[in-house]
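So the chains spell out like this:
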Amino acid sequence: QKEVEQDPGPLSVPEGAIVSLNCTYSNSAFQYFMWYRQYSRKGPELLMYTYSSGNKEDGRFTAQVDKSSKYISLFIRDSQPSDSATYLCAMRNNNAGNMLTFGGGTRLMVKP
Amino acid sequence: DTGVSQDPRHKITKRGQNVTFRCDPISEHNRLYWYRQTLGQGPEFLTYFQNEAQLEKSRLLSDRFSAERPKGSFSTLEIQRTEQGDSAMYLCASSPIKGGSTGELFFGEGSRLTVL
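Chains as they are written, first to last, in this note's numbering: chain D, 172 to 283; chain X, 5 to 120.
So here's chain D without its partners, still in its complex pose (with noise of 0.2 Å):
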């Protein structure tokens, strides 16, 4: 069984719609959570990290990490055919030096 797990997708939206992105984890030793966006042929660009628990907001995205169940979230509002990527969760202990573990990716693909 992977560290993380997130569901591969794809997942199809129509533009507009909410979009949730979700990923387990079982290293209970993780304490930072990122969110990247990764478009075809091209490296992952960060979206959001957090720390711990709690929730972080930035513009249409926002991210959510459930340290009890080992769940984090990523919702997109009012999704744009622009935000057709596939989304990696990535997930860093910290005292594991820098490695960051990535979840499998999920590709979303939304349909104007």
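Hints listed in this document are in silico derivations from the structure and should not be mistaken for laboratory results. The reader is advised that the hints may include incorrect statements.
What the hints assert, rightly or not - Only pairs whose alpha carbons sit at most 25 Å apart, straight line, appear in this in silico PhoX-like list of lysine-lysine: (1) LYS238/D - LYS173/D; (2) LYS173/D - LYS61/X; (3) LYS227/D - LYS238/D; (4) LYS213/D - LYS15/X.
Unchecked claim - Here chain D is said to cover these stretches of chain X; the calculated rule only asks that three of the stretch's residues, wherever they fall, bring their Cβ under 8 Å from a Cβ of chain D: (5) 42 to 54; (6) 108 to 116.
Ideal Cβ placement from N, Cα and C applies to all residues, glycine included.
Given chain D, put chain X in place with the hints provided.
Same frame as chain D, now just chain X:
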């Protein structure tokens, strides 16, 4: 362009050949990372440098793989005696010290390796 630069973008090689990838990080970033990503999977950590020192290596980094970062600037990743299982996207990322602590890695566009 002041982003992370990787070269070549795509390399096709025959099994058994050696290949080398180069990464030029963002100039003020002293941390540099190599990750490998296969189709439909997330990136997997390979190794990490702080300045010229290689501080972490994944067990995924077999003895056929070697990475260097002379003078703490650009980095090279060499794969010797390539195997078909080495076919993947090799991603380089860099970060300043603060960014490295929170996960703010800045990735390049990757070097895709195809081993025939």
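Given pair status - LYS15/X, LYS213/D, alpha carbons within 25 Å
holds (16 Å)
For the pair supplied as a hint, LYS227/D and LYS238/D, is the alpha-carbon distance within the 25 Å limit?
At roughly 14 Å apart (the allowed maximum being 25 Å), LYS238/D and LYS227/D satisfy the hint.
Three or more residues of the region 108 to 116 of chain X near chain D by CB distance under 8 Å?
As far as the region 108 to 116 of chain X goes, the hint holds, because 7 residues have Cβ atoms under 8 Å from chain D.
Agreement of LYS238/D and LYS173/D with the hint, judged by alpha carbon distance not exceeding 25 Å:
holds (17 Å)
Straight-line alpha-carbon gap LYS173/D to LYS61/X, limit 25 Å
The hint holds at about 19 Å.
Annotated coverage of the region 42 to 54 of chain X by chain D, confirmed only when three residues or more have a Cβ within 8 Å
holds (count 7)
Checked against the numbered hints given earlier, the structure satisfies every one of them.
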